[in-house]
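Colleague: Taken in order, these protein sequences are the chains called Y and C.
Using this note's numbering, you'd call the opening residue of the first sequence number 1 and step up by one each time.
Using this note's numbering, you'd call the opening residue of the second sequence number 1 and step up by one each time.
Keep in mind the hints are simulated off the structure, nothing from the lab.
Note that the coordinates shown come from a computational prediction; the quantities given were computed from them, not determined experimentally.
Be a bit skeptical, because a hint or two may be false.
As the list claims (entries may be wrong) - Here are some, though not all, of the chain C residues that point toward chain Y, as calculated from beta-carbon distances under 7 angstroms:
hint, residue
1, V57
2, L65
3, E131
Every residue, glycine too, gets a C-beta built ideally from N, C-alpha and C.
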Amino acid sequence: MYSFEFEKPSTIADAVTALEGEEAQALGGGQTLIPTLKQRLAAPSSLVSLNGIAEMKGVCVEDDGSLAIGGATTHATVAREAAGNYPALAALAGQIGDPAVRNRGTIGGSLANNDPAACYPAGALGSGATIITNARQISADDFFEGMFTTALDEGEIITSVRFPVPQAASYQKFLQPASRFALVGVYLARFADGVRVAVTGASEDGVFRWSEAEEALNKEFRGDALMGLRINPANMIGDLHGSKEYRAHLVGVMTKRAVEACV
Amino acid sequence: MTQVSMTVNGKPVSGDVEGRTLLSSFLRDHLSLTGTHVGCDTAQCGACVVHVDGEAVKSCNMLALEADGSEVGTIEGQANSDGSLNTIQQAFQDHHGLQCGFCTPGMVMSAAALLKENPRPTEAEVRKYLEGNLCRCTGYHNIVKAIMAASGQNVSSIAAE
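Pulled out of the complex, with its shape left as it was, chain C reads as follows (with noise of 0.2 angstroms):
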């Protein structure tokens, strides 16, 4: 066992983990931080999103140690404050952009990723990020109406497809 030391949410945290851990088992097994989802565990759902030193990765596929020292970001740490719902989660909410749910934190997690380094992306832009995350209700074309929601768009001309 190996120590691990990182900050989660802003919060300072450790555990001792093998070498074989997996970061979203840290998060979820060590920390009690079960918003990060495990979907596929193969890398391709992107459930498992979440923000490493500020970049959006698959924590089903990275090592716990490997985040050693690093900041890291999950759907906990998202809410306001107050505890109410940031830009991105109210309009998942207002837009409907979930069903089953079981995707949404990757999702929210990716949007932001996007939204920080594209703050108003294209539909198209929005849909090619979101590669990576995939929704098994198939409900893309609200999580998509969300995201430019969030980002201050207009999306009251979005048609369904």
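Same shape as in the complex, but just chain Y (with noise of 0.2 angstroms):
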């Protein structure tokens, strides 16, 4: 690593301050980036810990029914105290990483870093969640901008996300068992308004939201809804762990895995 200043502020104001700083960078959870800085690939000068901030931890249940996630709250915390509520997130924040890795890593982090085989960004685009910041809120339909690319500014912290509770969800994993990220992962959540099918792992762009697949549920939610419908090779990721075509397939797959696991 290169060498940089270390910085652990206590408020969500002390931390918007210290990420003024020229070249500082939030750290979350770290998981992704203390790998990255090892391998010498960013160079901050300073880093700015958010694990310090208690008003950026826990989760808990708002008036509307809705969940609201702190953003530096660890996935080890959201599958354990999510489990009541909102019984898919939790078992998606359960399938990342490893146990060491959720007792780190933690909801913002994810979001921010926008890893295109990461869990939570299918998780919150399919809930359409909003992530909610220092400065403004966000809905996850803006949020992700493509591949490790999301609507966040310079210094901006993602102080909580806030997730409405749908009727059912599923989160359908195809682990990649090296990375132990998706290889693709399908997370669908049906509200009374809809369904909303959101893909990770596959596409070039990062998580995207399968509309065609929603209109057929819409009609019909049930597996058989799907048949015929094929997601196009073009834009998915092609790499040594599967080819474009081989994901383009496991997207139907998971996502009829994902309606039956919701009837």
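These two chains come separately, so use the hints to put the complex back together.
Modeller: What follows is the structure, given as structure tokens:
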């Protein structure tokens, strides 16, 4: 790692101030950022840890029944504390990485990084979540802007994420067992006003909604409604773990499994 | 350099570290607690697992300064106060839960974290929990058996696979 200063503020306001410094970088759980720094792929002058900010931690139920999760909440905490109110999201959190990674990695860090194969972007987009920062509220539909790219400005911090709780939901992850990311993951959520299907791991543009599947499932909510629907392999990720065609095929398979888990 | 202070295996310790000093480096190089192994240094193998405030973490993937003020537990703190092996360590010896032994500190620390949250895990739950701990000798079978035995379960019927 290149050398950097380390700061650990205890309030959001202090963190925002610390991040105004030139080449300052926010540090969530560090489960991606620290390996990146070790590879010398980033050289921040200072790292601002968000792990000392008590108001950014924890899971709570809002008055409207939605779930608010602090940006610095670990995957292990979400897996445990969201299980009662939003089991599909808790199950997603419990499938990230391995137990030791889940004890450090945070929801805000995962969303801000927007790895094209990460689980949380699918959970947030599939749920129609709202990403709340120190400055504004961003709907998940506007937040993800492509591989490793989000609507966040420099120095903007995800302070919490608000998830509306659907009638039924399921996350189906086809595990890439070496990286523990999704080779393909599909998050499906069924709300009173419609179905949302979000796909991670598959596209070169990062997480996306499969609108054709949503339309078909809004007409008829059963696995066979997806018969004949195909994802165009052209924009899929192709690598040594799976070709573009294989990933495109998996999107259909995992979506069908998600529907069947919800009926 | 910044001063970091924490409690390691019940003893207060402190030292001067850089921002980039990893918890694993602090334990090994500053405190000479070399029982915590660094296998891959990419947070995949789990040989460096320690407990921070009771939770298993990969110490090669956490900055020492992030553990400031924390209670840290390492393999050196696992034995009983009279120096004898604790239940998990003894089970690893009894069931030959190690071959070269390199992954063992991380395996024991992960096992301790598992049994704290799930005192009588099934074999499948043990295997699932160890997903982040790699054994290059591929000695998983006896590791799983040792952890099942340490949880007080009868392991005589667990056949080799």
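Colleague: Please go over all the hints and tell whether each is borne out by the structure.
Modeller: Cross-check of the supplied hints:
1. V57: holds, 5 angstroms
2. L65: Because about 5 angstroms separates L65 of chain C from the closest Cβ in chain Y, which is inside the 7 angstroms limit, the hint holds.
3. E131: Holds: closest Cβ of chain Y sits about 4 angstroms from E131 of chain C, inside 7 angstroms.
Checked against the numbered hints given earlier, this structure breaks none of them.
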